[in-house]
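Please work from the sequences and hints to get the whole structure.
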Amino acid sequence: MNAIRYETPRSVAEAVRLMAADSGARVLAGGTDLLVQFRAGVRQPSAFVDVKRIPELMSITIDGEGLRLGAAVPAALVFEHAELRRLWPGLAEAVALIGSTQIQGRGSVGGNLCNASPAADTTCALIANRAQCVIAGPHGERTVPVDTFCVGPGRTVLEPGELLVAVHLPRPAARTADAYLRLIPRSEMDIAVAGAGVSVTLDAAGACTAARVAIGAVAPTALRVPEAEQALVGSPLDEASLQRAAAAAAAAARPIDDKRGTAVYRRTVAGVLTRRAAAIAAQRARPGNGHD
Amino acid sequence: MTKLHIETTINGEPVEFLCDAHETLLSALRNGLGLTGTKEGCATGDCGACSVLLDNRLVPACLVLAPEAHGRAVTTIEGLSRGDALHPLQRKFLEHAALQCGVCTPGFIVAAKALLDANPNPSEEETRYWLAGNLCRCTGYDKIIRAVLDTAAEMKGSPA
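Quick mapping for you: the protein sequence lines, in order, are chains A and B. Per this note's numbering, the first sequence starts with residue 1, numbered consecutively. Per this note's numbering, the second sequence starts with residue 1001, numbered consecutively.
If you are wondering where the hints come from, they were derived from the structure by calculation, not from laboratory data. Glycine residues also receive a C-beta, built at the ideal position from the N, C-alpha and C atoms. Don't take each hint at face value.
Unchecked claim - Pair ranges (Cβ atoms, derived):
hint, chain 1, residue 1, chain 2, residue 2, range
1, A, A174, B, S1123, 55 to 61 Å
2, B, A1153, A, P138, 56 to 62 Å
3, A, G140, B, N1119, 42 to 48 Å
4, A, G24, B, L1004, 16 to 22 Å
See the structure below:
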């Protein structure tokens, strides 16, 4: 066996060259998935390409366009960012739910996305916020909507030689807010049985003019649910419309039975969490709650 | 196999060591540098026994590669006392008998230091959530939480 290499590219271009030159190279961000998989023998990379010395992957920028979140920024830095928390409370709560304090010092939103677990908490929040994935590769940069980034458990659209550089979230319109909820049987340190991320936009009269709904841990990938969005748009986000969205989310779920829950239970919970997350997002979006 | 030459700072002192690319920081600390205060529990980031500070950020040393420490600052349990004077957290853990077998204790104390650095006056609930990633199979946790809260109370107004 050849020795495993450890590389510390200082630029995206250098990282792409390293990834393109060696099909066995793996991107190392926080290592909270990769190093566990490595130790278990699930992955045997020929090189760890540590991207944490590339400024673009380690920075948070918020401007008039929105949020540019570097793919390797540790979770703790995301939810410690006051302006990010104010504009995207649902994304911040999804990030804050992952793992322990120790894991949050390492694990990143980009890593959570690239690991492509069906139960990844941040992926639902990214879908609800219309995030775009900025991908660099040997043929240049491309952008992919986050709801098409994961294609199955552990599988993404990343081609050989490509890496995720950042996710971009458009700045929320007036009276727009998000929320994320998950169910776990414990109060901390567990993986979602089901999750739901919702973003809603209200008009001045309080009617919903736009919505995004995503559910997690109930299909091979996190799912955007257009039927649930249609149930919310045009409504005053009253109980009847929230119930219709819940029913649509439950109908869209394609869960499996496993140790964390039965398919029947997960389907029900996906609906309940969709309703509750939509209600929280609506409350946040109402005038006077910081999202005017 | 060529070893990597790493220059880092550990507990305030400049340190150099050699390691393999895939060696963990935990292994480098314990096996290479003889700093065995940091413990290995699960080796998968679930138990908190290997908690250290990397550039003042609480991390599991089992999920950090040793070469990542190059140019960074690492704080381990060995860096908390001042000579023979224990850190207030260490003293309070003894006073409250907040340990039995002791394997989880260095991780708890390093994690609690990170908590008090970030939030000198945590509530009990904040303390319990912050330490949720540190597992103890002996004490039932309550004495640990009391020790941390008592340390916070003592340190209030007196910079450590």
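Evaluated hints:
1. A174(A) <-> S1123(B): 55 to 61 Å: Between A174(A) and S1123(B), where Cβ atoms are some 35 Å apart, the hint is violated.
2. A1153(B) <-> P138(A): 56 to 62 Å: The hinted range 56 to 62 Å holds for A1153(B) and P138(A), with Cβ atoms some 58 Å apart.
3. G140(A) <-> N1119(B): 42 to 48 Å: holds (44 Å)
4. G24(A) <-> L1004(B): 16 to 22 Å: Taking Cβ atoms as reference, G24(A) and L1004(B) lie about 19 Å apart, which means the hint holds.
The earlier numbered hint that this structure contradicts is number 1, and it is the only one.
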